[in-house]
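**Q** Letter by letter, the chains look like this.
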Amino acid sequence: MSYVIKRLLSMTFTLILISIITFVITNILPGDVAIMIMGTQSNPEALANLRENLGLNDTLFVQYGNWVLGILQGDLGTSLLFKMPIGPLLLQKITSSALIVALSMSVALLLAIPLGVWAAVHKNRWQDNFSSSVSIIGVSLPDFFWGIMLILIFARALGWFPSSGFVHPNEDIFLAIKHAFLPSLALGLGLMAHLTRMTRATMTGILSQEFIRVARAKGLKEKVVVWQYGLSSAIGPVITVAGLQTGYLFGSIIVMESLFNYTGMGWLTYQALLNRDIPLIQATVFSIAAAVMLINLLIDLLYPILDPRVRLS
Amino acid sequence: MTFIKKFINFKGLIGTSLVVLAVGTAIIAPLVIPLDYATNMDMRARLSPPTLDHIFGTDQLGRDLFYRVMLGARTSISIAVSAVLLSLIIGLSMGLISGFFRGTVDNILMRLVDTLLSFPALLLALTISAVLGPNFINTILAIGIAFTPYLARLIRGEALRVSQMPYVEAARSAGANNIRIIVGHILPNITPVIIVQFTISLAFAILAEAGLSFLGLGTQPPEASWGLMIQASRDYLDRCRQKDFRSPQWQRRGALAAK
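Protein chains in written order, with this note's numbering: chain G, 4 to 316; chain V, 188 to 446.
The shape of chain V in the complex, shown without the other chains:
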């Protein structure tokens, strides 16, 4: 009964449905919508406000924004998910090693992390993306690297806490080796923290991708991405008020509420 009550929590329900909507769109839209729907240019209906033909209106080239927003979901979400996974893989190994072995390794790694934290994440991501040349893969790399120090820091703290627990000591005296302790005892006990941080980072990664694309240093034009669409529409603000602004908000709100 309590489980059901928790599940029917109003905020949680809104959050879950928004996440399902966004992720569902990202997965299903490219399968169902023919690719040329998003690139078909209807020159007579450029910058049109929402109509029955074009539910979200059209952009400066007469492309249907409803389809573009739906297809953009895939770009934005897949970049965000891969970037956060990347930072999780690096951050997790750095954090676990630091927190478990402590001593010199910990000192060196955490010095590095502290220094990286002095670079604003967006600045780091922008620089890496500009240096490597902006495209889909490098955007993932850039955001992933920029997010790593935060995860490494958090996981190190947790690993440090857990590795001082009596059950870790018990495992050690029972003859378990380091790898076994880390994988079997420490990792499962810090998973909740990782999951929470993962969802938060996901939301920030979507915003970061939007920011990068907005500055032209993220996803490049023929692809549809939310940040890129806002950027392209910026010059036409006077002429057309209906834009696809809402989507990142929904996305973000969903990710937050689901947590």
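Isolated chain G (complex conformation):
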């Protein structure tokens, strides 16, 4: 229990650091937010007024303090681009992106684990070469290449899935999945590569251990030995890597959601960056970093449940 408390404390500290870094990065921007809102032709008095109202005349330190106080009260400011409060906007986009993240992680794991185990069982034979070629091709190509190819095949040629757009999961979960499927598949194919290699490496190590030999010696079927005895010991590290990959995934959704016009967090971030919407950039960057950190924390805490040999300390 004390471990959990310690982790939570250090998480708070990291959150503060994340907010500082976000604020610093977005404030090296040359340019004036007030001019961006009102245009370059507006009169100086109105500009000065607006600056005063936005608190742009305060020192950076005070501005940062106000921003953090806002976050604590659930107020993330107002988007310059969408002209609406950021909080509700973000909340709506997070659910649609959560769907993509969950789907692509499932795609990646469902492909990577069998492929990795298969390669480990047939080590150094054609199955192994096949699986490593598949994973090299997977990492070699940028995610958006897969995206474009999937649009060509499944949307344009076969017409099975929509090539762009999105439906909120609350409206129609089936349609929502249909819209999220192609981007998730593209992301999953990119993620799969690392996970396959990880699964293969861990499984190879485990299959050469004594308890596997004992399991075989007492006459258990090969299927049981590999999938039950082997995989349950190998799953821990694989899940940890999968957790680390979510960070990468949160970066990739920016590209993928923009490609598919899927209006989630990634798309929102991209719009904010393109239009230099500072409050929105701050909010999206901060929440993505916080989400990555939380997921990693969650995985660390869940690890002992997956692998009972590990104790938290």
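Check the hints yourself; a few may be wrong.
Said to hold, decoys possible - With the Cβ distance kept under 8 Å, some of the chain G side facing chain V (calculated, not the full set): (1) T17; (2) G250; (3) S255; (4) R279; (5) I284; (6) V288; (7) A292; (8) M296.
As the list claims (entries may be wrong) - Here are some chain V residues pointing at chain G (derived, C-beta under 8 Å): (9) V207; (10) D301; (11) T302; (12) F306.
Claimed, not checked - Per label pair, the in silico range of CB-to-CB distance: (13) V:Y354 x G:L11: 39 to 45 Å; (14) G:L72 x V:S204: 55 to 61 Å; (15) G:L301 x V:V380: 29 to 35 Å; (16) V:V380 x G:L72: 43 to 49 Å; (17) V:Q351 x G:S136: 35 to 41 Å.
If you are wondering where the hints come from, they were derived from the structure by calculation, not from laboratory data. All C-beta atoms in this analysis are idealised placements derived from N, C-alpha and C, irrespective of residue type, glycine included.
Could you slot chain V onto chain G? The hints should help.
**A** Only chain V this time, still in chain G's reference frame:
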């Protein structure tokens, strides 16, 4: 004999030749190909499939894609190499200081690195590039900074391991000062790890550059870059299937296999 056997390793051979091909193209192409070959617009042959005149076909403005891919190699590779070098310089100094001196410095630096690791590399690079204004130099800066925490983390671990070795202790008791120990004893012993990580990062940097340019926040239009070309061709997919998609893959595969 064993050396030769190792050298003739099939995968290694493919990898090496691909890397030589890509890097060679990047260096030689701009010297040999007149610059206007890549910008000449042949309006009658817009979006043409590969022909004898245009081996890779042409793009939406009738520019020859074979030349553009070759010239784009320089942009993509030079951005990737400079970005990784930048992150190596910062990451190496952070990692060495952290791992060697330990204590408070280590705590502070690694906290910072851990926090930076919460930002997805692509997000960090995109944000920095958008904030500074996208161009050639800022793309390098953005990717370089985004990659730094990974290198710093790795090098710190290695430095920590090596600095506990008996030979470091021996050097210290022989009166060597800190700088001498770091440069003369620790650095040479962590070089292999650095080289491996350098090649891996290079491949990721090429992909990151492609991603940044694809979103319009990397290299800007008149220049030829692989990501930018894919982005530009995206709208014409229905009309022309032959694109310059293959190159990043070859690049990446080469870098991986060479390792």
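**Q** Should the interface hint for D301 (chain V) be scored as holding, given a Cβ-Cβ cut-off of 8 Å against chain G?
**A** holds, 7 Å
**Q** Is the hint on R279 (chain G) kept, meaning its closest Cβ partner in chain V is under 8 Å away?
**A** holds, 7 Å
**Q** The hint names F306 (chain V) as touching chain G; please verify it with the least Cβ-Cβ distance against 8 Å.
**A** Hint on F306 (chain V): holds, closest Cβ of chain G at ~5 Å, below 8 Å.
**Q** Hey, does the M296 (chain G) contact hint survive, CB to chain V under 8 Å?
**A** Result: holds, 4 Å to nearest chain V Cβ.
**Q** Does the nearest C-beta of chain V fall within a distance shorter than 8 Å of the C-beta of T17 (chain G)?
**A** Check passed: Cβ of T17 (chain G) comes within 5 Å of chain V, closer than 8 Å.
**Q** Using the nearest Cβ pair, does I284 (chain G) come within less than 8 Å of chain V?
**A** holds, 7 Å
**Q** Note whether the CB distance of L301 (chain G) and V380 (chain V) lies within 29 to 35 Å or breaks it.
**A** holds, 30 Å
**Q** The hint says 35 to 41 Å between Q351 (chain V) and S136 (chain G); measuring C-beta to C-beta, is that right?
**A** With Cβ atoms ~40 Å apart, the hint holds.
**Q** Less than 8 Å between beta-carbons is the criterion; does T302 (chain V) satisfy it with respect to chain G?
**A** holds, 4 Å
**Q** Report holds or violated for the interface hint on A292 (chain G), using the least CB-CB distance to chain V and a cut-off of 8 Å.
**A** holds, 4 Å
**Q** Can you let me know if the beta-carbon spacing of L72 (chain G) and S204 (chain V) is within 55 to 61 Å?
**A** Given a distance of about 59 Å, which is inside 55 to 61 Å, the answer is holds.
**Q** Under 8 Å, Cβ to Cβ, is where S255 (chain G) needs to be relative to chain V, so tell me if that hint holds or is violated.
**A** holds, 7 Å
Of the numbered hints listed earlier, the single one contradicted by the structure is hint 9.
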